[in-house]
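Colleague: So you can see what is in the structure, the chains are spelled out below.
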Amino acid sequence: MSGRLPEQHCTLAIIGSGMAGMAAALFAGQRGIDTVQIGMTGELSFASGLLDFMGVHPIETGRVWTDPWAAIKALIKDCPRHPYASLHPRDMRAAWAALVGFFNAADLPYHLQSGRNLPVLTPAGTVKPSYAVPVSCLNGVSAFENKARCLLIDFEGLKGFSGRQIVETLKPQWPGLTTRRIALPDANGEVYTEPLAQHLELPEIRRRLADRIRPHLDGVEYVGLPAVLGLYQPFEVYRDLEALLGRPVFEIPTMPPAVTGLRMRHVFERHLPRLDVLRTHYQQQVLRAAYSAADGFRLQIGVQEPVALIRAQNVILASGRFFGQGLHADRNRIVETIFNLPVRQPPGRTAWHQKSFLAPQGHPVNQAGLEIDAHMRPVDPKGKPVYPKLFAAGSILAHQDWMRMKCGSGLALTTAYAAVKALEQ
Amino acid sequence: MQTQVLIIGGGATGTGIARDLALRGIDCVLTEKKDINAGASGGNHGLLHSGARYVASDPAAARECREEGKRLKRLAPHCIEKTGGLFVAVRGDDEQYIADFPQLCAQCGIPVHPLDPAQARHLEPSLSPDIIAAFAVEDAAIDPFKLSLDNMAHAQQLGARLLRHTQVVGFEVQNSRINATLFKNIQTGEARRIEAEVVVNAAGAWAGEVAALAGMQINMLYSKGSLLVTQTRLARRVINRLRRATDADILVPGGTVSILGTTSVRAESPDVIYPEIDEVDFIIDQGAAMVPSLATTRYIRAYCGVRPLISSGDGGDDRSVSRGFELIDHADKGVANLITITGGKLTTFRLMAEKTADRVCRRLGNCAPCRTRTEPLAPTREAKWTEPGLAPKEWLRRNNPNDLLLCECEMVPQSALNALSASLRKRGDAPTLNAMGLRSRVGKGPCQGTFCSQRVAAHFYDRGEFTGDQGLANLRTFLGERWRGQHPLLWDTPLTQFELQEALHCGLFGLELTQNQGIG
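Going line by line, the protein sequences match chains A and B.
Per the working numbering, the first sequence starts with residue 371, numbered consecutively.
Per the working numbering, the second sequence starts with residue 50, numbered consecutively.
Simulated from the structure, these hints should not be mistaken for laboratory data.
Keep in mind that a hint or two might mislead.
One side of the interface only, derived from the structure: several residues of chain A facing chain B at Cβ under 10 angstroms [as the list claims (entries may be wrong)]:
no.	residue
1	425
2	434
3	558
4	626
5	725
Beta-carbon label-pair distances, calculated as ranges [said to hold, decoys possible]:
no.	chain 1	residue 1	chain 2	residue 2	range
6	A	446	B	345	37 to 45 angstroms
7	B	320	A	616	52 to 60 angstroms
8	B	50	A	428	44 to 52 angstroms
9	A	483	B	542	33 to 41 angstroms
10	A	412	B	208	55 to 63 angstroms
11	A	560	B	281	20 to 28 angstroms
Idealized CB from N, CA, C, for every residue including glycine.
Using the sequences provided together with the hints, build the complete structure.
Modeller: See below:
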């Protein structure tokens, strides 16, 4: 490695800046661990903003659980190698409390009801079980559960979001749901959620939007909109629109990039670097990694060319799966991209995917990943930790299918919590 | 329902017969169990053969290709890109075959020009440096969807009727004659009965199954061929491997992409076939011998079709079975008004249709001459949007900011889909996402429908095209169909993008759950 690169020494390097990496940085920062975090934050833009814990088990039968804790109990019994099996419920609760507390303090309030998944509407007209939801989505849960008289507003020029689609799909169970299309103030042609959300932070624009919705509110108890109510001050925008309309308002997450996901990304990017002990290198990645027992981990980071050398005693690997580039597949096999760690995987490409996209048992490739020991350390096929101070968290872990099980965020933050705790021991 | 001629099968041959008969003033109904070109007509290279490929194995077929290819270039130029073609041999290929090739072409009347390897590589820089011989021929690329859609649309303008999603379930045979044909709509389950003077079985790979419903036996062989679509176009011309016809040795331009194939794998049945992973890997490795970048290029999609071959029972391999067509008049075997046409190839579809229509006319006592030999095929709005690059061009020209691009990869605006759904509605038919995918470029780009599927579904709800939970059903079917072509190619970037697709459609929408009782 080049000796000329500027060096940073730290107790902990976190590789990754998706939900698991961000959560790990938060938990490490809160514990006062001297930490460097490296990673591209782009993937968080594709998050829905709904924080799942555990919704579906077994995926073969598609059983949807109301109580995530009961679902986890059943899951651990049937799939003892799922990462949840190695976690303590007390730590899982602490992880949720810390994350939601962080969001609340950053004016991005989330609501979670321990022991209960909440039904959230999607643009496809389905209802998704999620655990911690933005407060701005919460009235949608009561509107749906009470099958209240509810008006869905959608916007001219916003693709992929049709109030009529949601109304038609839910009609049999929710006859009180109606919809109305509104032309946005000052808009022409296509509208994009992110600039629109920023635009709506101007009180004048909100007032004019409310003026266009108000004539349609006769007999309406709730008003639902695509999630565009503010980007940096969403709570303020949301409360103000409720006041202007005189009705409980709620947001429905849109297709990615969803503003509900972007808000989380902004809050992480803005507030995490304020933690004294945390140094962040967002929009950079680990280009080369080495380890020696004497020196610990040496990570060259940069975009194309290395710009710095991070020397760390511990590493938490939260680099994600294929989309996050923590894993990579060629025609024959799957590899871990930074340390070339052993990846638990099906025997060959023919066994990666099912012949049908929606096959109920899910695609085996989604359960490929890193196997870990009780201390969250990736292990070799014999079960020995590959490095004594390398920990892993999040979707890169094997034996889980977060998309089918609806456990993505919960997996990310509870394993991140456990990894931080493990390295302190 | 009554008609003079019932045509079963909406591939190139069936739609060609419909147009041919309609041009002779004969009333006909075409039934198709799925949609236009659902079988081999949609699952091929889109290659208009010069004939050179068959000069050694089947000189008669080679001559037919030569004649029909020339004719189609004149009569349906909007369906064809006159790319020209090369035959190239690489080190290790059979030198005797190379030496005989020009003479074999000459014997079939097929123009061929020798090139030295350097010249060939100058014309097509993607060719391997290991090329040892090259010849230029008059191959071309043809859009089989535009071709069949235009044939059908023209037939419909002349009074022919099209019934999609309409599957034959039986025949009422009495005194050696089909009195009526019985159908079921595969979407609605609705039954239908059609009386026709003559029934034409143009069901391609399913011709044996259809004939069997009338008690007739045809010994079919099912030879599956898989193909791969690259993300970018790798060559201007068709590139053939100069050797006896075998697997994975043709690369054909398809507008903005290239298509590599094929294999020849015996299938038990024409239903439930997939492009398999071992075929895909084999095709790539073979193709890379001619064009090395095929080893590393990004592939968008794989697909396959079943060649309907008639068994001669002599036990040769499937490539030695004639690619010529088979016109069977079942009068000889006891059903007076049933004719089966099968086998053949896309290049000779018109000739097959002509011969079939001649036979039908003889049966009807109609002596009108065939007009598809001379009458140009007109472009229609039903087939317009299959062309890559057309939608973005028109969209930019119109410059209407309210005409949203629903498929951003291929730049298909909502106006194009509105026009397509209107043309289906006009004929009493209803649009689906799959029908849009077949008639336009929607879902054919790198995202393979991840985003455009929901955007088009939302748009169709807005316009009242979809009601109830049709959106969910359409998303599932459409993504399921795209999946068939995605799943053998999921490594590197496509696997990354697929993860996003599943995160959206399963993670957020829960499409996998709604088919159980699940949520929503």
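Colleague: Next, verify each hint and record whether it holds.
Modeller: So, going through the hints one by one against the coordinates:
no.	hint	verdict
1	425	holds, 9 angstroms
2	434	holds, 5 angstroms
3	558	holds, 6 angstroms
4	626	holds, 6 angstroms
5	725	holds, 6 angstroms
6	A:446 - B:345: 37 to 45 angstroms	holds, 43 angstroms
7	B:320 - A:616: 52 to 60 angstroms	holds, 59 angstroms
8	B:50 - A:428: 44 to 52 angstroms	holds, 49 angstroms
9	A:483 - B:542: 33 to 41 angstroms	holds, 40 angstroms
10	A:412 - B:208: 55 to 63 angstroms	holds, 56 angstroms
11	A:560 - B:281: 20 to 28 angstroms	holds, 27 angstroms
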